[in-house]
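Novice: Line by line, the protein sequences give chains A and B. Sequence positions in the first sequence follow the working numbering and run 285 to 631. Sequence positions in the second sequence follow the working numbering and run 285 to 631.
Source of the hints: derived by calculation from the structure; they are not laboratory data. Do not take every clue at face value.
No distinction is drawn between identical chains; accordingly, a pair holds when it is met within one copy or between any pair of copies.
Under the rule of at most 25 Å between Cα atoms (straight-line distance), these lysine to any residue pairs were calculated in the SDA-like manner [as the list claims (entries may be wrong)]:
#: 1; residue 1: Lys476; residue 2: Glu297
#: 2; residue 1: Lys402; residue 2: Arg493
#: 3; residue 1: Lys417; residue 2: Leu344
#: 4; residue 1: Lys416; residue 2: Glu460
#: 5; residue 1: Lys598; residue 2: Gly294
#: 6; residue 1: Lys416; residue 2: Ser617
#: 7; residue 1: Lys417; residue 2: Arg382
#: 8; residue 1: Lys598; residue 2: Glu297
#: 9; residue 1: Lys417; residue 2: Arg286
#: 10; residue 1: Lys416; residue 2: Thr346
#: 11; residue 1: Lys549; residue 2: Arg485
#: 12; residue 1: Lys503; residue 2: Arg441
#: 13; residue 1: Lys598; residue 2: Phe293
Protein chains: 2
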Amino acid sequence: MRLDDIGEFGLIERIRRSFGTSSKKAPIGIGDDAAALCVSPGQSLLATADMLVEGVHFDLSTTDLSSLGWKSAAVNLSDIAAMGGTPRSCLVALAIPRRITVEAITEFYRGLNTLLGKHHVALVGGDTCGSKKDLVISITMLGEVPRRQILTRSGARPGDLIYVTGALGDSAAGLELVRNADFGMQIGKSKKEQRRSAAIRKLINRHLRPVPRVEWGRKFALSGCVSAMIDVSDGLSSDLGHVCEQSGVGADIHGDWLPLSRSLKSAQGLSRDAVGYALSGGEDYELLFTVPPDRERKLLKLRIDATKIGVVTKGRALRLLNEQGRSRPLRASGYDHFRTAGRGTGR
Amino acid sequence: MRLDDIGEFGLIERIRRSFGTSSKKAPIGIGDDAAALCVSPGQSLLATADMLVEGVHFDLSTTDLSSLGWKSAAVNLSDIAAMGGTPRSCLVALAIPRRITVEAITEFYRGLNTLLGKHHVALVGGDTCGSKKDLVISITMLGEVPRRQILTRSGARPGDLIYVTGALGDSAAGLELVRNADFGMQIGKSKKEQRRSAAIRKLINRHLRPVPRVEWGRKFALSGCVSAMIDVSDGLSSDLGHVCEQSGVGADIHGDWLPLSRSLKSAQGLSRDAVGYALSGGEDYELLFTVPPDRERKLLKLRIDATKIGVVTKGRALRLLNEQGRSRPLRASGYDHFRTAGRGTGR
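Turn these sequences into a full structure, and let the hints steer you where they fit.
Specialist: This is the structure we're talking about:
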């Protein structure tokens with residue numbers, strides 16, 4: 285079905301009926317000039333906005349619309365997670381070119397809503413409009429956090445330990461694989477080939493449907509053992525740089541401590557080594573955080589999948605240490621929208 | 285200066301230094317994963333998002349960047365006004381093509397910030413990224429309103445009087461004039477010519493720098509004399525249609541009661557008559573609202589520039605009455621993003 289068959293207001297009505305929610309927390313949702321929401325007493329409101337642009341952040345030849353919806357929600361949920369907050373409601377603004385069908389837009393909302401549903405987040409509003417050429421997605425995520433539990437980028441102190449959740453680099457490797465039309469050729473029938481293709485699928489899935497670490501972020505905030513936190517969206521080196529800059533500190537990272545998935549280590553046909561993807565790949569949506577040494581035991585008791593990768597230092601230098609303890613400067617080599625020539629994926 | 289001279293993070297830092305604010309109400313603004321805000325007890329949070337796309341909502345050959353920034357803020361402030369709320373904070377997401385300079389983006393923020401400043405709204409966050417072709421602006425405006433004062437679209441009842449603030453149609457006429465390269469020719473030196481060119485400038489200004497009716501919306505909400513409200517963004521007939529649909533009512537509008545500015549009535553070289561612009565022009569950002577008859581005296585005491593244009597009826601019909609009392613159906617002829625072929629301006 286073409287969008288001009290149902291028109292702008294027909295589309296809004298469809299979205300409202302299928303995916304809109306109103307609740308005690310959001311008594312007025314889609315369909316008025318603004319959504320009206322409740323914020324619990326003693327809580328700070330969190331607000332974050334992220335844009336995804338066709339040809340810059342995504343390519344419709346390498347993602348399905350449902351995954352795109354999922355990912356659009358994920359990148360914003362991850363920002364709320366990085367503040368230690370609980371996501372509550374979401375606004376979605378779309379600029380839609382004529383070639384996109386109503387079914388495709390419905391698929392987008394289905395993917396988005398699947399992930400929002402897992403986190404009990406209400407879709408409360410937004411905007412839909414036309415676009416001359418590219419599909420543009422702009423999501424605003426609102427959340428809340430008890431005032432004293434907010435985790436910012438500026439709390440890291442020299443001596444704090446640097447941790448990261450999950451594994452790094454999978455998403456960037458997945459992007460490279462999904463772009464390589466030949467990767468399908470590797471899906472064979474022998475056991476070894478099956479293992480290989482499973483690994484490839486895992487990496488691609490980590491790129492298309494990243495899992496935001498919302499519950500973990502909340503646990504870190506509640507535990508009081510974390511001094512600074514950020515999500516890894518631009519790439520480890522770049523995001524670590526943000527924390528160091530805002531905290532006025534430096535960092536030593538051990539290259540051989542970086543958490544790498546079995547899939548990444550075993551994947552063939554990649555252009556870089558696993559550590560390269562882990563350092564500057566981006567779009568991992570893992571949480572990077574610092575822990576004062578006397579609170580490390582408390583952190584370990586949380587039993588969250590997190591790995592120590594280095595230590596906060598005085599001064600402003602970011603250094604990468606190898607197994608022999610030799611160091612080299614770690615440059616922020618993540619994605620910069622105005623400096624990189626179309627890597628095709630942002631943060 | 286080119287954007288790649290300073291990079292994405294250079295641009296963000298510039299915006300933060302020049303325009304970012306943090307206050308008691310917004311203790312964490314630009315520069316972290318999300319903004320943290322305070323909402324006063326007993327207040328509902330209002331949230332609205334609007335997107336402006338180059339080639340669809342605006343054309344850089346007919347607007348300067350500062351006016352574009354102003355307007356981007358205005359359309360969102362107007363949505364908060366239409367709920368009876370007070371705007372508090374703003375997130376700005378931009379997708380920027382390479383041809384746009386740092387100075388142009390700075391001009392955009394300057395215009396935006398001028399209007400935000402008038403309403404004491406803090407710029408607390410957002411996103412900046414690259415775009416292959418078009419400049420895309422997505423603004424999220426957050427505000428608050430005492431819970432019992434929220435004005436929605438659904439409260440109109442048969443017999444309620446229909447009012448609109450200010451004058452209608454100026455913006456649509458201004459758009460037509462600004463697109464007509466010849467309008468400059470009319471700026472002459474005789475008294476008559478000066479009056480004409482002043483009128484043209486006024487109409488164009490109403491298109492480029494609309495004034496959101498924030499204070500008036502707040503006064504209506506406080507007074508308790510308004511039963512339903514919306515802002516006129518898509519066009520009077522279309523927005524009246526939204527109110528009627530959500531309230532389950534109809535409306536009779538008197539064509540000869542519509543408030544028309546002297547500039548609109550005197551402007552020459554327009555393709556339609558003044559009432560045509562007023563009914564379906566769009567982008568007026570005036571407030572359209574309904575008042576129960578027994579509260580009309582209270583409304584008049586507010587001494588706000590508002591004009592009675594009709595009455596709410598039973599049934600669902602929207603009708604336009606002429607001076608002789610003859611009626612014809614009033615069709616929602618405002619802008620639909622997926623049905624109109626590039627009018628070049630949305631809502």
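Novice: Taking the hints in turn, state whether each one holds.
Specialist: Against the structure, the hints come out as follows:
When the C-alpha separation of lysine 476 and glutamate 297 is checked against a cutoff of 25 Å, the pair qualifies neither within a copy, at 50 Å, nor between copies, at 50 Å. With identical chains, the CA atoms of lysine 402 and arginine 493 are at most 25 Å apart within one copy only, with a shortest distance of 14 Å there and 42 Å across copies. With identical chains, the CA atoms of lysine 417 and leucine 344 are at most 25 Å apart both within one copy (13 Å) and between copies (16 Å). Taking the shortest alpha-carbon separations for lysine 416 and glutamate 460, only the inter-copy value of 20 Å comes in at or below 25 Å, while the best intra-copy value is 29 Å.
Taking CA atoms no more than 25 Å apart as the test, lysine 598 paired with glycine 294 passes between copies only; the shortest distance there is 24 Å, against 58 Å inside one copy. Only between protomers do lysine 416 and serine 617 lie at most 25 Å apart by alpha-carbon distance; the minimum there is 22 Å, versus 33 Å within a single protomer. Taking the shortest alpha-carbon separations for lysine 417 and arginine 382, both the intra-copy value of 8 Å and the inter-copy value of 16 Å come in at or below 25 Å. Proximity of lysine 598 to glutamate 297 under the C-alpha cut-off of 25 Å is restricted to the inter-copy arrangement: shortest distance 23 Å between copies versus 56 Å within a copy.
In this homomeric assembly, lysine 417 and arginine 286 come within 25 Å of each other (Cα to Cα) both inside a single copy, at 16 Å, and across copies, at 24 Å. Taking the closest pair of Cα atoms, lysine 416 and threonine 346 come within 25 Å of each other both inside a single copy (21 Å) and across two copies (17 Å). Proximity of lysine 549 to arginine 485 under the C-alpha cut-off of 25 Å is restricted to the intra-copy arrangement: shortest distance 14 Å within a copy versus 65 Å between copies. For a Cα distance limit of 25 Å, the shortest separation of lysine 503 from arginine 441 inside one copy, 21 Å, qualifies, whereas the shortest one across copies, 49 Å, does not.
Taking the closest pair of Cα atoms, lysine 598 and phenylalanine 293 come within 25 Å of each other only across two copies (23 Å); inside a single copy the shortest separation is 57 Å, beyond that limit.
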